[in-house]
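Enquirer: Here is how the chains run, residue by residue.
4 protein chains.
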Amino acid sequence: MSRWESPIAKLGHVATHTTDLDESIWFFRDVLGLKLTEREDGVAYFRGLRDWEHHTLAVIDSGQTGVDHIAFRTKTPEAVDDLAESFEANGDDVTYVEAGEETGQGEAIRVEKFGHPFEFYYDVEKPPAPEGERSRLKNRVYSEASGNRIAPRRIDHAHVQDSVSPAHADWLQDDLGFQLNEKYLTDDDETWGWWFSVTPLPHDFAIHRLEAGAEPMFDHLSYHLDSLNDLWEAGKVLAEHGIEPDAWPGKHAITSADYLYVTDPASGLCIEFFAGPGYLNFEPDWDPIEWHESEIGGETSHQFIGEGPGWDGLAYPDE
Amino acid sequence: MSRWESPIAKLGHVATHTTDLDESIWFFRDVLGLKLTEREDGVAYFRGLRDWEHHTLAVIDSGQTGVDHIAFRTKTPEAVDDLAESFEANGDDVTYVEAGEETGQGEAIRVEKFGHPFEFYYDVEKPPAPEGERSRLKNRVYSEASGNRIAPRRIDHAHVQDSVSPAHADWLQDDLGFQLNEKYLTDDDETWGWWFSVTPLPHDFAIHRLEAGAEPMFDHLSYHLDSLNDLWEAGKVLAEHGIEPDAWPGKHAITSADYLYVTDPASGLCIEFFAGPGYLNFEPDWDPIEWHESEIGGETSHQFIGEGPGWDGLAYPDE
Amino acid sequence: MSRWESPIAKLGHVATHTTDLDESIWFFRDVLGLKLTEREDGVAYFRGLRDWEHHTLAVIDSGQTGVDHIAFRTKTPEAVDDLAESFEANGDDVTYVEAGEETGQGEAIRVEKFGHPFEFYYDVEKPPAPEGERSRLKNRVYSEASGNRIAPRRIDHAHVQDSVSPAHADWLQDDLGFQLNEKYLTDDDETWGWWFSVTPLPHDFAIHRLEAGAEPMFDHLSYHLDSLNDLWEAGKVLAEHGIEPDAWPGKHAITSADYLYVTDPASGLCIEFFAGPGYLNFEPDWDPIEWHESEIGGETSHQFIGEGPGWDGLAYPDE
Amino acid sequence: MSRWESPIAKLGHVATHTTDLDESIWFFRDVLGLKLTEREDGVAYFRGLRDWEHHTLAVIDSGQTGVDHIAFRTKTPEAVDDLAESFEANGDDVTYVEAGEETGQGEAIRVEKFGHPFEFYYDVEKPPAPEGERSRLKNRVYSEASGNRIAPRRIDHAHVQDSVSPAHADWLQDDLGFQLNEKYLTDDDETWGWWFSVTPLPHDFAIHRLEAGAEPMFDHLSYHLDSLNDLWEAGKVLAEHGIEPDAWPGKHAITSADYLYVTDPASGLCIEFFAGPGYLNFEPDWDPIEWHESEIGGETSHQFIGEGPGWDGLAYPDE
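Residue numbers (full-length UniProt numbering), protein chains in the order written: chain A, 1 to 319; chain B, 1 to 319; chain C, 1 to 319; chain D, 1 to 319.
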């Protein structure tokens, strides 16, 4: 199945639990500069300045930390039903989410695969920015962030970890039509990292492999910034707030993008700001790029040419 | 037909005629910084620093100016045959191009639609950059441009003009699966501009309408630059070479991108450098944005919030 | 006299009249993003985000437009008295300004030279930014501008026009120790532009020549921005506010800096935002650079390599 | 003595020894992108793209590593003689350098102070860039760097270390008229860092204190880059060459500037690339900024808000 035949259009949003919703709102809205589109029934809904959908991050006040679900938007309404059917045929346990159960969203399904809680939906509201915050550029949503906040533009990708990554990767390619753009191999030629996409982004979704027996985890959710200047300014905003990021700005060799990582203390959710040119992959006949441990270092973090931050993921909550 | 069902993967290249190949090579390689991948039988083949394919611009030494063909790459080899079949069923005159007839390219077909010379192909070589110019970032092709040259990263879009644009636009949407992202309407509500895409780019291909009876023309081919700094530096490079661009850097409201336009004197081909954030459109349920003449001015050029340069296109050569 | 022997340390501020103080406050604070340090007795005092002094712009509610005075700060308190003495010895009419008469400022003197109203002062308050707006970087004053506003960093230079420029230029060099960095000559070799500095900036003060008999005028006051991104963003901020600048971003050959010009409707004061590398001139043995009309065009405006905007100055008010 | 009364105009150049001149030329010219203005008698002379003087770095083929001298340019020719006189009156051993002994330079004097080898000169050649490399912007020297090289614009500052810093600092202030802009204090309130300037730059010269008895050392020579994009690109250039810098891009709190540090293996000379807004200090009544260990960490390196790289200096050679 090619990525054009994939039922999935894009990464839609991530929902996380939090131990303190007010503190998470301070972090995501007042420091990170996400827009709070709605707060209802103990859930806060956020989006970036150029996200069209109702939310690309939901934060649930539950006294726990951990990711509740990772949601993909399908290309058609029918694709949601088709996926449900094929999951059930496969023996997976599918949960049906009513329209409106998640604010701003239509009917959806949820399923756990390889230890990760996925959601698939098509119908979603696209509220305009409030009067006064709306951009005169109609191809943007909000005009600008307020002062002294980072201004995330749009959701970019999610990254998870598990010990069953090879099977997980096969499922993404064979069943869901994701294209494998890049992979990371140890010096004994075992694959430990996969960067997948259904869009021309370098990745919409990535998996990092854990040792056998380790619990599946959520690594980070990424938002895109326009430029290196924005990324650097993000560092300055954190410094002005007295917040130490997980990693100051650096450059990944894999995906060729510039990064900064910072974690919300209340929810434990790690956000990667992702900027710089990266690359867009329009090729229909792509051979996955292979990076070897010896070329870019192992788990070493924060390198300019390197693999990225150490892999301390966020456990999914028990429910 | 949705853009995912489109047979087309991307804009592949444009081929132009030139009155002086050496002068065109000076312009495209030594000033604009495109990489010359091959020069054979009176044709020079160029690509940007991150273009994977053999060429994204071909320049044909024929003593004429004007665009020879606009080539789209299909998603599959079969799609080329299917398109040929459907064109012939429609009564269109299809030309078959042998593998290798265009250097680096496999079998292709050509057809004239609405006065524009289109090509469709799938098979193409992807030569690595020569030793010494190759990037250690494997997701890039060339490491860098040489000094005092602009460094176009990748082909972005093509823009044409004709008097039969509404029918042309319908064909692109209905037969080829292009998604209409934005359009421009005069104050009496007639559409005079269409911005189409099969990818998440704001446009892969656009049409500007001409008065009834006017000849179809080619407007410009666009290459992407990473950042505003690159665009500004492009202006400085032209200034150092004593070349006056068609338009110094400015910002388009439509597509939300930053531009600079400059024309090769020998071929008459206008190149737009396209930078800045623009936007990526991943939405499966997009309502085309409508811009009205009164909002952003008419044919006025070079405006920050405006429609762009005046529309002096390049006639296709008589053959 | 070398610039190190000059009595002048820097351009301090400009004071302008306005026909509508509230509208000017909207323009300078809410759009241009200057900080309002004080509003008292019908005068509003502004400064940039990294200006240490109490104000670098004063706006006087007087029902008139036009610049009230152009103020230079001296290197020592004594230099103010020495200047007063030498002006009086020369027969100039010196006005003595009491400490506090201009809020935040100590004793000063005013004198009209070549039709321009100059002020010289040394003592001035340097109020910290209010709590909550103060930068944790102690070498900055304010942390950041609020959203959707330009963020001028510091006062840069002032530019005036008169028909007696050659004598005016001699006075600046011989009596005040300004260094001539660049000049502009017409094709018949007459100098029509002078760019002067007592600091390493490309200019602190410039003169444009007018035809004989023309009234002396004030051209513009300039604030510095950090980067090209800031300048471009400034254009976007104006566009979001629906304000048309006098000149969209472009590049000056003279001073090698990037610009954007915009005028406050209520006071008529034109502000130039000045960004980009420009150059710093530390040379003790500088030969002024000469630019000829034929090299960079005449009065043509908005050119990338060009002289800058047309010269429509602001008349000084009759008092 | 104020900085305007200082005999010194600017930092002029640094001369270093090298164990391998060819390798140093490869490093400084082919990687770092400095321009080689001359190679004569076993000395290579370099400058940045906008340095007017004959050289801002000299590299001496002597089989040793270590800095030979740190040269300041005076404001007048007489100042060189006056300094010589006052050094000798003080009992210092002054060496007289003949015109031409250092290529491109007139008469100069050398003196060792606090263990550091200083030179003072006024006369120096200012060769234009060779035809073909000259910028059409007359206020620049070279048009651009060649490809895949960093493009240092101009010399910025030098940084040294010694155990007698307090006396060294007094000499710079009292005898040479340097202004103290910022200082760094340990938690027990001892000053361990001084940032001095005779120009409005945040520093032309800085001292870091060493434990009593430690040998005086040279820390680094700094070149200025225009923008954050240039700094990031510098990182990419090093990565493409397979060179690991001493510190990837980060931000200093002190001086408010962005940095990258890299060392020439053959000479041991550490170069800091210095970019970003920093700040310009035009104030005649400046109170030095005090940074405390508890505010920005101690010797911790590479922090965004931090003090900078660890202090591994370069010993001066025995001669």
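Mixed in with the good hints there might be a few duds.
To be verified - Over the 12 Å line for every Cβ pair with chain D, so calculated as not near, a few chain C residues:
#1 132
#2 156
#3 200
To be verified - With a Cα cut of at most 20 Å, we get these calculated EDC-like pairs of lysine to aspartate or glutamate:
#4 D:138 to C:187
#5 C:126 to D:175
#6 B:113 to B:88
#7 D:10 to C:5
#8 B:138 to D:287
#9 C:138 to A:233
#10 D:10 to C:283
#11 D:126 to C:283
#12 C:138 to D:283
#13 C:126 to D:240
#14 D:138 to C:5
#15 D:113 to D:175
#16 A:138 to B:88
#17 D:126 to C:5
#18 A:138 to B:293
#19 B:138 to A:187
#20 A:138 to B:240
#21 D:138 to B:293
#22 D:113 to D:81
#23 C:138 to D:285
Just so you know, these hints were derived from the structure itself, not from any lab. The beta-carbon is built from N, C-alpha and C at its ideal position, and this holds for glycine as well.
Enquirer: Determine for every hint whether it applies to the structure shown.
Expert: Against the structure, the hints come out as follows:
1. 132: With a cut-off of 12 Å, residue 132 of chain C remains clear of chain D, as the shortest Cβ separation is near 19 Å.
2. 156: Since the minimum Cβ distance to chain D is about 10 Å, residue 156 of chain C lies within 12 Å and the statement is violated.
3. 200: violated, 6 Å
4. D:138 to C:187: Holds, at roughly 18 Å.
5. C:126 to D:175: Cα-Cα ~29 Å, so violated.
6. B:113 to B:88: With a Cα-Cα distance of about 12 Å, the restraint between residue 113 of chain B and residue 88 of chain B holds, given a limit of 20 Å.
7. D:10 to C:5: holds, 16 Å
8. B:138 to D:287: violated, 51 Å
9. C:138 to A:233: holds, 17 Å
10. D:10 to C:283: holds, 8 Å
11. D:126 to C:283: holds, 11 Å
12. C:138 to D:283: Cα-Cα ~15 Å, so holds.
13. C:126 to D:240: Since the Cα atoms of residue 126 of chain C and residue 240 of chain D sit roughly 47 Å apart, the hinted pair is violated (cutoff 20 Å).
14. D:138 to C:5: Between residue 138 of chain D and residue 5 of chain C the Cα gap is close to 27 Å, so the pair fails against 20 Å, i.e. violated.
15. D:113 to D:175: holds, 12 Å
16. A:138 to B:88: Violated, at roughly 40 Å.
17. D:126 to C:5: Not OK: residue 126 of chain D and residue 5 of chain C at ~24 Å, beyond 20 Å, violated.
18. A:138 to B:293: Holds. Residue 138 of chain A to residue 293 of chain B sits at ~14 Å (cutoff 20 Å).
19. B:138 to A:187: holds, 18 Å
20. A:138 to B:240: Answer violated: residue 138 of chain A to residue 240 of chain B is near 36 Å, above 20 Å.
21. D:138 to B:293: violated, 42 Å
22. D:113 to D:81: holds, 17 Å
23. C:138 to D:285: holds, 16 Å
In summary, the structure is inconsistent with hints 2, 3, 5, 8, 13, 14, 16, 17, 20, 21 from the numbered list given earlier, while agreeing with the others.
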